[in-house]
Amino acid sequence: MAVLLRYWSTVPRLLKCVVAKPWPSCSLAKACCRSNPMLLRFTKMHGLGNDFMVLDLVSQHAHILPKHAKQWGDRHTGIGFDQLLLVEAPNNPDVDFRYRIFNSDGSEVEQCGNGARCFARFVLDKRLTAKKQIRVETKSGIIELDIRSDGQISVDMGPPRFVPEEIPLEAAEQATRYNVEVDGQNIELAAVSMGNPHAVLRVDDINNAPVHELGPKIEHHPRFPARVNVGFLHVVDRQRAQLRVWERGAGETQACGTGACAAAVAAISQGWMDSPLLIDLPGGRLSIEWAGPGHSVMMTGPAVRVYEGQVRL
1 MAVLLRYWST VPRLLKCVVA KPWPSCSLAK ACCRSNPMLL RFTKMHGLGN
51 DFMVLDLVSQ HAHILPKHAK QWGDRHTGIG FDQLLLVEAP NNPDVDFRYR
101 IFNSDGSEVE QCGNGARCFA RFVLDKRLTA KKQIRVETKS GIIELDIRSD
151 GQISVDMGPP RFVPEEIPLE AAEQATRYNV EVDGQNIELA AVSMGNPHAV
201 LRVDDINNAP VHELGPKIEH HPRFPARVNV GFLHVVDRQR AQLRVWERGA
251 GETQACGTGA CAAAVAAISQ GWMDSPLLID LPGGRLSIEW AGPGHSVMMT
301 GPAVRVYEGQ VRL
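Heads up: the sequence shown begins at 1 in the UniProt record's numbering, then just goes up one per residue.
Hints are computed from structural coordinates only; laboratory data are not their basis.
Everything numeric in this text was worked out from a predicted model, so none of it was measured.
Where a beta carbon is used, it is the ideal one built from N, C-alpha and C, also for glycine.
One thing to keep in mind: the hints can contain errors.
Stated by the list, open to error - When the alpha-carbon atoms are kept at most 30 angstroms apart in a straight line, the in silico DSS-like pairs for lysine-lysine are as follows: (1) LYS217 - LYS132; (2) LYS67 - LYS132; (3) LYS126 - LYS139; (4) LYS44 - LYS126; (5) LYS126 - LYS67; (6) LYS126 - LYS70; (7) LYS70 - LYS44; (8) LYS217 - LYS70; (9) LYS139 - LYS67.
What the hints assert, rightly or not - Simulated DEER-style distance windows between Cβ atoms: (10) ARG177 - LEU65: 38 to 46 angstroms; (11) LYS132 - ALA172: 43 to 51 angstroms; (12) ARG148 - VAL236: 20 to 28 angstroms; (13) GLY141 - PRO210: 31 to 39 angstroms; (14) PRO210 - ARG127: 42 to 50 angstroms; (15) MET38 - VAL236: 44 to 52 angstroms; (16) LYS126 - SER149: 14 to 22 angstroms.
All chains should be modelled from the sequences, with the hints used to inform the complete structure.
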């Protein structure tokens with residue numbers, strides 16, 4: 001109430017000033033705008049602990065910059081998240097929404113699988129659509145989201161890409177495995193794009209996997225010119241595996257949807273596992289299906305709303 005009273009007390013002076021002087025020379029109007037910056041409504045969500053700040057830019061209008069993602073993403077001085085998700089009106093008339101993703105370091109990325117599930121839950125909960133099946137435009141292409149009756153959300157992530165130039169990876173030719181030198185040691189890994197680049201390493205012990213030692217070194221390796229997400233995969237049996245992911249621009253996260261898809265594709269391609277399969281991440285479990293080259297990867301898992309808030313732009 002005090003805020004409203006203070007606001008209304010400025011209105012007569014502001015109106016008088018606007019009528020009396022042109023806007024550029026009106027110091028009172030400028031001061032009022034500076035003291036009342038735009039408030040944006042946001043929703044905090046997570047998919048298996050991979051957490052997001054979600055902004056509706058369909059009914060709200062704002063120009064979001066990388067600096068905003070970096071500022072809001074700080075877990076000590078901001079809101080704190082792995083990624084910022086922007087819900088925008090589409091450029092393409094054949095899709096329902098445009099979906100943009102920023103890491104907490106301010107870098108914009110092509111794709112985020114856990115974020116896609118939260119995106120689907122968000123647009124339905126906010127009544128931006130009544131559809132249970134929606135098509136979404138991303139930086140790397142169109143994906144399809146299916147909100148199931150049991151509350152789980154399935155995402156058609158599209159087919160994986162293996163051509164080195166499309167990952168991107170510096171390599172003389174396409175291979176099922178590549179050797180990358182790190183600190184004088186040859187690291188064997190699979191490389192695949194799920195709309196964003198992934199390297200997958202097989203490990204014997206998921207708890208002692210060198211995620212924080214090798215993760216950042218492979219992420220910034222010169223053979224990955226756009227950097228890379230790094231998955232550490234432990235195969236339990238032909239239907240179940242454990243995974244930890246060092247995400248490009250975010251570090252290790254509780255879960256990575258595209259990372260789980262990439263790990264499943266690598267495991268099936270190498271003959272280690274069969275589809276469908278389950279991937280256990282620190283934050284929970286995802287179900288992945290892939291019928292082989294040329295087919296889309298289907299990912300199914302939960303999406304959870306944590307709280308609603310407002311932030312100053």
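Hints, one by one, checked against the model:
{"no.": "1", "hint": "LYS217 - LYS132", "result": "violated (41 angstroms)"}
{"no.": "2", "hint": "LYS67 - LYS132", "result": "violated (34 angstroms)"}
{"no.": "3", "hint": "LYS126 - LYS139", "result": "holds (23 angstroms)"}
{"no.": "4", "hint": "LYS44 - LYS126", "result": "holds (13 angstroms)"}
{"no.": "5", "hint": "LYS126 - LYS67", "result": "holds (26 angstroms)"}
{"no.": "6", "hint": "LYS126 - LYS70", "result": "holds (25 angstroms)"}
{"no.": "7", "hint": "LYS70 - LYS44", "result": "holds (16 angstroms)"}
{"no.": "8", "hint": "LYS217 - LYS70", "result": "holds (22 angstroms)"}
{"no.": "9", "hint": "LYS139 - LYS67", "result": "holds (19 angstroms)"}
{"no.": "10", "hint": "ARG177 - LEU65: 38 to 46 angstroms", "result": "holds (39 angstroms)"}
{"no.": "11", "hint": "LYS132 - ALA172: 43 to 51 angstroms", "result": "holds (46 angstroms)"}
{"no.": "12", "hint": "ARG148 - VAL236: 20 to 28 angstroms", "result": "holds (26 angstroms)"}
{"no.": "13", "hint": "GLY141 - PRO210: 31 to 39 angstroms", "result": "holds (33 angstroms)"}
{"no.": "14", "hint": "PRO210 - ARG127: 42 to 50 angstroms", "result": "holds (46 angstroms)"}
{"no.": "15", "hint": "MET38 - VAL236: 44 to 52 angstroms", "result": "holds (49 angstroms)"}
{"no.": "16", "hint": "LYS126 - SER149: 14 to 22 angstroms", "result": "holds (20 angstroms)"}
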